[in-house]
Amino acid sequence: MAIPIELRLAVEDLYSEYSAALDEGRYEDWAALFTEDCLYRIVPRDNHDRGLPLAIMHCESRAMLEDRVTAIRETSFYAPRMLRHIVSFIRAESAENGTIAGQANYLVLQTLAEQPTTLFNAGRYLDIILRDEKKLRFKQRLCIFDSIVVPNSLIIPI
Amino acid sequence: MAIPIELRLAVEDLYSEYSAALDEGRYEDWAALFTEDCLYRIVPRDNHDRGLPLAIMHCESRAMLEDRVTAIRETSFYAPRMLRHIVSFIRAESAENGTIAGQANYLVLQTLAEQPTTLFNAGRYLDIILRDEKKLRFKQRLCIFDSIVVPNSLIIPI
Amino acid sequence: MAIPIELRLAVEDLYSEYSAALDEGRYEDWAALFTEDCLYRIVPRDNHDRGLPLAIMHCESRAMLEDRVTAIRETSFYAPRMLRHIVSFIRAESAENGTIAGQANYLVLQTLAEQPTTLFNAGRYLDIILRDEKKLRFKQRLCIFDSIVVPNSLIIPI
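Residue numbers (this note's numbering), protein chains in the order written: chain A, 1 to 158; chain B, 1 to 158; chain C, 1 to 158.
Calculated directly from the structure, the hints in this document are not laboratory data.
All figures in this text were calculated on a predicted structure; none of them were measured in a lab.
C-beta atoms are modelled at their ideal positions from N, C-alpha and C, and glycine is treated no differently.
Relax, there's no trap hidden among the hints.
Heads up, simulated EDC-like pairs for lysine to aspartate or glutamate below, C-alpha to C-alpha not over 20 Å straight-line:
(1) Lys134(B) with Glu17(B)
(2) Lys135(A) with Glu93(C)
(3) Lys135(B) with Glu93(A)
(4) Lys135(C) with Glu93(B)
Output of the computed footprint for chain A on chain C, the stretches with three or more beta carbons under 8 Å from beta carbons of chain A:
(5) 88-102
(6) 120-130
Kindly produce the complete structure, drawing on both the sequences and the hints.
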């Protein structure tokens, strides 16, 4: 079911804040966009379509997302990099229990230090969004990526 | 002339459904987004600008689009691939005879089986959109792409 | 502070016209989107973050932008090329003195004659937008790009 324009724009703002938090390295802000009992997964499309359980990243709560953030902050064994999100076709519909079903196409670009910007990962977000004290949060975000060639250094969430 | 916000959002939804149909391999749904007497063309920008007739794909009716879909479904002489559309700057204005003139910038990514995602084709959509029983449909979609280097395997529409 | 929907759409239209002017080679139209006392800069992200002054392009007035356009028109010492802008997450907020603070993620694709389309430059726009006789114009546009690998032929603005 279609949702009111204001809510549609609020969903766009949530997606925007999500990407800005990752692109600007504000990982704590990124984790704060999820509900406490959230599900966050990065899955190759093939596996998603066949219902296979393999995921490149799998977090079942906001606490796990926060652990991931700590790992990023404290691990120095990876080359500095920055992401840039380009997202298209954000769609939002009313779903069951007052949630919003969202999806979008995404392209994530990556720039390693002193390297040119490259195409890093592309696919589709599949989301369940909850209104939590007037704020929208992700109860679920699945990042379903197109290529089974797994990025060899997926450190920052997508 | 500018159009009402609701109609602007409806045009965005049409573009969204168009891309989703192709990205998800729902080619019959893609063909259903066109009017029966539609024009669909994929043309290099140079040829379009000079008014030259050459097109990489040229369909003058929905029946021809459906033939194209059948060809995709029944041809097994091409490697499995998936597309991902990233579209930006969807613009819509009132045009003559109650139609809507639409345009947008597009980037189509392609992923071949067991290959990384690559930049496949980029350019501009140039559209005439019709309201048909409260539904929007393409009466014309021109895909005007930037590089004259023709994709050597343009099987799925763009 | 959030801005009304109509103004939000007007900002999107400004971004859209900006990109279309560059993508279609209408450089005079591009310069006309700035205020007379504008600031336009293309800066590597690292330098921007550290407050370093280096810029790949730096113009302090619309007159300087127009000089740049003249230079593009009259210089024949570069290979013909075209750009294609893909922009995402256009955000707009009320700022001081009645201006609008805008930002967006951008990806610019480039196509040289008889070459495939390539990823040229990606980053973030950081803008101050002014209402000038009911029209929106850029008082400031900073193009902050991600890779310090400087494009070796940045001729057309981004």
